[in-house]
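Use these hints to put chains B, C and D with the ligands onto chain A, whose structure you have.
Chains as they are written, first to last, in our numbering: chain A, 5 to 456; chain B, 5 to 456; chain C, 2 to 493; chain D, 2 to 493.
All the pointers check out, no bait thrown in.
Beyond 12 Å from chain A on every Cβ pair, some chain D residues (computed): (1) 11; (2) 118; (3) 167; (4) 197; (5) 211; (6) 213; (7) 231; (8) 308; (9) 309; (10) 314; (11) 370; (12) 398; (13) 460; (14) 471; (15) 484.
DSBU-like cross-link-like pairs, simulated, lysine-lysine; straight-line CA separation at most 30 Å: (16) 191(D) / 184(B); (17) 184(A) / 330(A); (18) 191(D) / 156(B); (19) 292(A) / 45(C); (20) 196(A) / 45(C); (21) 154(B) / 189(D); (22) 292(B) / 49(D); (23) 457(D) / 12(C).
Away from chain C, derived, C-beta distances all over 10 Å, residues of chain B: (24) 26; (25) 294; (26) 295; (27) 307; (28) 375; (29) 402; (30) 423.
Rather than coming from a laboratory, the hints here were simulated on the basis of the structure. Ideal Cβ placement from N, Cα and C applies to all residues, glycine included.
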Amino acid sequence: MPFIPHTETDIQAMLATIGVADIDDLFDEIPENLRAGEMHDIPTMMSEMDISRLMMQRAHLDGLPLNFIGAGAYEHHIPAAVWQLTTRGEFYSAYTPYQAEASQGTLQLIYEFQTMMTDLTAMDASNASLYDGASATAEAVLMAIRVNRKSKSRHILLPKSLNPVYRKTIRAICEPQGIKLSEISFSQQTGKTDFSALAEYSKQDITALVIPQINFFGVIEEFDELTQWAEDNGSIAISVANPLLLSVMKPPGEWGRQGIDIAVGEGQPLGAPLSSGGPYYGYMCCKKKHIRQMPGRIVGRTTDADGKQGFVLTLQAREQHIRRSKATSNICTNQGLVVTASTIHMSLLGEEGLARVASQCYKNTHLLQEKLIACGLTPLQSGDCFHEFILPLDKPANEVIDAMAEEGISAGYNLSEDYPEFDSALLVCVTETKSESDLDWYVATLIRYLSQ
Amino acid sequence: MPFIPHTETDIQAMLATIGVADIDDLFDEIPENLRAGEMHDIPTMMSEMDISRLMMQRAHLDGLPLNFIGAGAYEHHIPAAVWQLTTRGEFYSAYTPYQAEASQGTLQLIYEFQTMMTDLTAMDASNASLYDGASATAEAVLMAIRVNRKSKSRHILLPKSLNPVYRKTIRAICEPQGIKLSEISFSQQTGKTDFSALAEYSKQDITALVIPQINFFGVIEEFDELTQWAEDNGSIAISVANPLLLSVMKPPGEWGRQGIDIAVGEGQPLGAPLSSGGPYYGYMCCKKKHIRQMPGRIVGRTTDADGKQGFVLTLQAREQHIRRSKATSNICTNQGLVVTASTIHMSLLGEEGLARVASQCYKNTHLLQEKLIACGLTPLQSGDCFHEFILPLDKPANEVIDAMAEEGISAGYNLSEDYPEFDSALLVCVTETKSESDLDWYVATLIRYLSQ
Amino acid sequence: MSKPSNSMNDKLIFEHSRQNRRAYSQAPFEEIDLGELPIRFRRKSSLKHLPATSEMQVVRHYTRLSQKNFSIDTEFYPLGSCTMKYNPRACNSLAMLPQMLARHPYAPEQFSQGFLSCMYELQQMLHSVTGMHGVSLTPMAGAQGEFAGVAMIQAYHRANNDTARTEIIVPDAAHGTNPATAIMCGYKVKEIRTNRNGDVDIEALKAAVGPQTAGIMLTNPSTLGVFEKKIKEIADIVHQVGGLLYYDGANLNAILGKVRPGDMGFDVIHLNLHKTFSTPHGGGGPGSGAVGVSKRLLPYMPVPTVIQEEGVYRLETDAQRPNSIGHLSAFAGNAGVLIRAYVYMRMLGREGMVRVSEFAALNANYLMTRLADAGFDLAFPERRASHEFIVTLKRQAKEHNATAMDFAKRLLDFGYHAPTTYFPLLIPECLLIEPTETEAKEDIDGFVEAMIAILKEAETDIDKLKGAPWTQANRRFDEVKAARQLDIKWVE
Amino acid sequence: MSKPSNSMNDKLIFEHSRQNRRAYSQAPFEEIDLGELPIRFRRKSSLKHLPATSEMQVVRHYTRLSQKNFSIDTEFYPLGSCTMKYNPRACNSLAMLPQMLARHPYAPEQFSQGFLSCMYELQQMLHSVTGMHGVSLTPMAGAQGEFAGVAMIQAYHRANNDTARTEIIVPDAAHGTNPATAIMCGYKVKEIRTNRNGDVDIEALKAAVGPQTAGIMLTNPSTLGVFEKKIKEIADIVHQVGGLLYYDGANLNAILGKVRPGDMGFDVIHLNLHKTFSTPHGGGGPGSGAVGVSKRLLPYMPVPTVIQEEGVYRLETDAQRPNSIGHLSAFAGNAGVLIRAYVYMRMLGREGMVRVSEFAALNANYLMTRLADAGFDLAFPERRASHEFIVTLKRQAKEHNATAMDFAKRLLDFGYHAPTTYFPLLIPECLLIEPTETEAKEDIDGFVEAMIAILKEAETDIDKLKGAPWTQANRRFDEVKAARQLDIKWVE
Ligand SMILES: Cc1ncc(COP(=O)(O)O)c(C=O)c1O
Ligand SMILES: Cc1ncc(COP(=O)(O)O)c(C=O)c1O
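Extracted from the complex, chain A is given alone in its bound form (with noise of 0.2 Å):
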């Protein structure tokens, strides 16, 4: 039987003890009318031969195309070392360090993990990890009413420059608490957050303001003036920042006059695979005044019994297994192990390495940008796009796609769907992996199909 170390002999010796004659007996507190049957719609047993195969097979059929897709997610190089490293047993098969002697491994590493994040978000204090960045943005909100205890009216301003289906998910996870949201538009010229919309709501009781850096369109907001308009609005200013780029620019923790109040975002581009979407983690910073509404777990330094340094799981009080309905959050299991792979990649990139990262893509996107240009077409013209753009293109986005994926190309994303505003455009990302001849070939292959 599949992982099970049982003997014939073992289970007659367990089954004598117990005392009962067969192991369907342990199962008679089940009322006899509700017994399963077979389950038929399972197929058979596979061994690990056959399994592999089929899943080679399945791998095959998606391939390696060149990917020139973000929108959320980024291809960067992650070193061999980080996950072999963190597919080490001891990580990747303990649970949650409850048991603080028995997990040292684990909650150290989270304690550098959050002297990282803080290091690069410029922030107070850390916590071990959200789910994704777009939940994490919907407990950032959550949190945000729960410390603004000054307003009243539960109202959360929205750029609709932030990623779409970030808004969608805090409207899923808000509003059952009867949040209100609101969205600020943007310029279509810049793709930056228009001030003019935003004015509209000053004055008015919001409780926070969410502020993507680099917003949904690789286009750096005035995340300055942006954090001040909270400030002096008594809004509580919420974050929104992919922290591979922190490494080169402004950190949250020094936006506006006091800095953001709780830095939020999406923390796969420092060490997890692009994985079909996951698992990902949600990294949540905040100011040490608003530690004990942060949700998610945290790690402190203390000592033990012969007063040697260690690490225990701390600030319980505000987590569900002690405050059940008063804890700041339902969650429990968070993103541990790939928390575990991104501290190992930070610490092999250092500041140097991740900046490097960050200014080749950057220097990558302009570039593609350039060549574009060259051939006549006319990407969104902003300077302030960090790794990714909008092209807008004269033929129907998905067909784009659809003939450059027969080159073996992700072309990018089609932003048409969730901006109608943007007629037929693609959202174009480049990374660092990307070689100039790469790029070369990204143009060819679009201008070809393109001048049919």
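Relative to the frame of chain A, chains B, C and D with the ligands by itself:
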């Protein structure tokens, strides 16, 4: 600098301590006229990202053909756990376990390996591995010379049915010591060693007889009779057996009346991937009385200062680092990591698992033979072949191989090069990795080509 | 004898850091050049606490750190409610095939049929084992699955204009995520008692339900480790007042193939694939809290599920499930975890599935019997264990001052991870013990021997327990200090 | 305080075995059926000592076992002559790409261009770093490379009908494989002395050479850790009598990019790719002993090398090198090791190559200076260290009975692997110390501190050394018992 941790500050401090001005001063004992210039032929350094991409491209070039080649290296399913455990840093990056107290992991594992190999072969003692099956056979020949003190001839008999490259390896390694090698022919009908050819040597002073099992043609030799011949003739009997098949076949320790003296073979089928021919490992087992003439490392169990059990390298007085020119062999580094994998592989499969794999190979092979016969082809007819057989063709083997390669199939080994007596024939191997539809595809593709 | 401290071992990664050191091969060689990026956007402050280390230092540091963990791969880990069973290594390697890792979540259909077909089949298999009508794989862990479930209950009532339902009923024995989830969905939580046998108090339930009842969150077997026999009656009581039943499927290991939540009358269920379906817990996650629903909740499932149209697999669009509770995360769930679960389920197959619960039950009941025979008190001595059971050390705490925590810490010295302690909250000094089906009899016997030895120590040498653990990298921690003198990041 | 023994930890895998237990998913499900396989060929005896275990038991057993090893990935490992430097993890993952693992050594050319092009380029790079004219990658480790080298010397003389050459000269400091190899090739070994500075005694050499001399085996820097300055003179002496020079390239880490064996006048060289080119040593192997040769030895190289013909890469046929010494193994070397070396060399590139020796020398000379300053005696105080150097504890052994072995064992307690002990044989109580270039200054400093602490213990508390190690799974072993009461396999 890749893999070098020194900072400029470190370097200056270290140079100051040493008392030199710069690093190059440390090479001042090298005569100036010998100093090397720049290595212009070596390409410039690559980042891990770039080399990863290059290697993915190279790998892609080779693809994943459906493989029907054996000829000394066999494709088997290797449980995922095997190499995930084997490449753990503590196994992967350790040296030879010279400091026993700091190497109990590796040492205990080798002790377990020795136990398993002696069990498979039914021999008294095993070493910790030699380089591969071919070189281990050569070492066995040299060992036989040392062991068989009565024989003065230094004359060794090698069946022609022994893997041709094994014969070449024996020649390369043994002939410098003036050892005489004679080859015994085989019957073209059965593929087995010809007893009448052997009879020629009866009553002669023959130091040792090598007995392949199964032989290069996939055919089972009459090993009991061959062993008895050696016993009767005062020759050392050396078996060369596929260890996987020993799970179902009579082990060398039980051949003839007293069993084989030295059992060697290729360990690859027990957990090493095909990997272009290596690293594999040669196993070697022997009768107790011959241990002190066995080359290679041996691990023994002993006790420590507290009386606790543990493991050490033992009988080192056979080895080059102690005995120098009087050692049993020059071998030092062996194939430890592959032995690690193999030990884990054998643990996962166990007796039953290995026997099932062997049985499935046998079944599949005979199934393919039947299918070929049904299509009018005539594989060498021997019920005594195991998982490989000779398939005579009426088109040149190399052309058939090329044509099948176009369809993504590695059709088999071109036997005609080593054995002109089979004027056009493939050596075809089928293991448990092939499904019935693979076999059908093979037959259909082959027939399609042959009937063109 | 003296154990000199190796300075290397207990350092933080930051202590290996030196200015300008780096893992050279791990980043582009080209110098940093942000071209025209406006100065106002740029970072000025340096990153002091991102380590500058060599590749080897990182590898060595984290290899050593990993060795300080207990894990399934190294120890018996009978943590109740957590189903710490073997995580097959093939699931890991197959989820990490290059194409699987490289696939972008928005990859065009041409590059998606392999992955999506696995997900589609996984949905189908989960239908089958739960007896539900639809499955969404998107929730990222159990708690998010609960959220999805309760949000669907809410959406259902709202769609029926049934807006007066403001309460969710939760048994007092429930996992903490249950009440926390209900609150996140904007509900009030009404707790109901458990009776002496560990069952829901039917009279209390009857008294609690009413037109204000949106639903009840249950798990069966409950966190007390016993099967709720009157489940049908409970379902009827709740359904009769118009409420819906939510099943917390964290404990499906107990009943896989034996009884299906759908057949018990549940309307919605979440599954912890990181428990029952053996994906690793990774020291805290990631998990997967896939949800299954009855017919009437189908329109509300979180998007996107995987659909098949004319032989092509696709993620459904929002428009295809317009009444969905929406997106719970950016993409479609923890794909890597889902692949691991898929591979595991295919390896078990229909034959293996039912063995899981059979041997989980065999191990739990055997261990329970042996501990009871050894003099330990069971919380529910009259009941069968399901996949787990509870020992209460109330007596030992009273007589010898040997608490559940002391037993837990001392077990570490014997090389066993501790069971879950002090949960469920209503059993004093409890250990919730779940051996899982992948442990061998002799390893369970070893655990029993350790428990007996500790019990003896409790009677004769209580300091051995109180001071434990003695053999780990650290002795027992000062948790109060941790919370009071908050030190949650390293500062040079 | 008491450390109870966990029964699980110290078992052999066989002790987890139970009849009929098995890792179910790991073999075909079909029952064993050998059809018409004649009974006389079949196995009757059962395999009692192949364990019958579950998959988890195996994973747990070997995971725990691995933790009992010291390794580069966990400890500083300054084992002289072994070049225990960081093994980049990328080399491992890229050598284990599915296509690389699956390729059959006899795969048709259509499925071989990727792998063979890597091997071809590896040959080219090794030409370049050694200054030789041809490279064969087939030898499986250093000793086999030596065999290939000496066999080529022999083949050369034979081809010249120069059959009176029966001796190989080997310095007394040489690695044990050198004399053992000469013997395997049927030569007599003539040892020559090393002088007080660690150099070959030129007069002794002159006296030793003659028409009987087939060649000399040297390494430079020698195993004494010093560079042989008179290498050209030595080469001339040997060449003048018609002998050839063999270079033992295990120590190439010392001179990579600084001086090339070809330029020093060597005729043949082997390289330990598992040292200089950083492939893992795997607890004992596999290695690679690639050989490089001068023009006149080209015809004799072991087959097959990789050739390129009209853009297609192929393994040469035997016919293409008819005078080859032949095949040393079944295929073409330890391919997986060679790929790792290839990836490593490409990552280093020409810039990185020379840094290896520079920083290996910096670390060695720094460590040597610091130890000398701390009062340790150097074997060759007047010389530069190359990549390694020798400390002799003769004085400590005499004064305090603190031997090299005692230092070695006590170092383990401090978390450092011991240096090589008692080699080279001619330096009494020696430690041969090789830090390698991948260690950071602070880790070398930590090692110095440990050495100083142990030196102090030697003076004040010798029992701490004599009893060491104290902190490992085992105390010091009884090696005599191991050899006398031979227990080399488990018996139930
Ligand atoms: C009974 C029960 N319900 C819910 C959960 C929550 O699941 P998760 O941790 O995946 O969010 C758990 C696991 O901790 C559990 O044991
Ligand atoms: C100087 C020297 N020569 C030769 C060898 C033999 O190399 P191998 O162990 O790879 O056979 C070694 C390594 O042990 C060595 O250090």
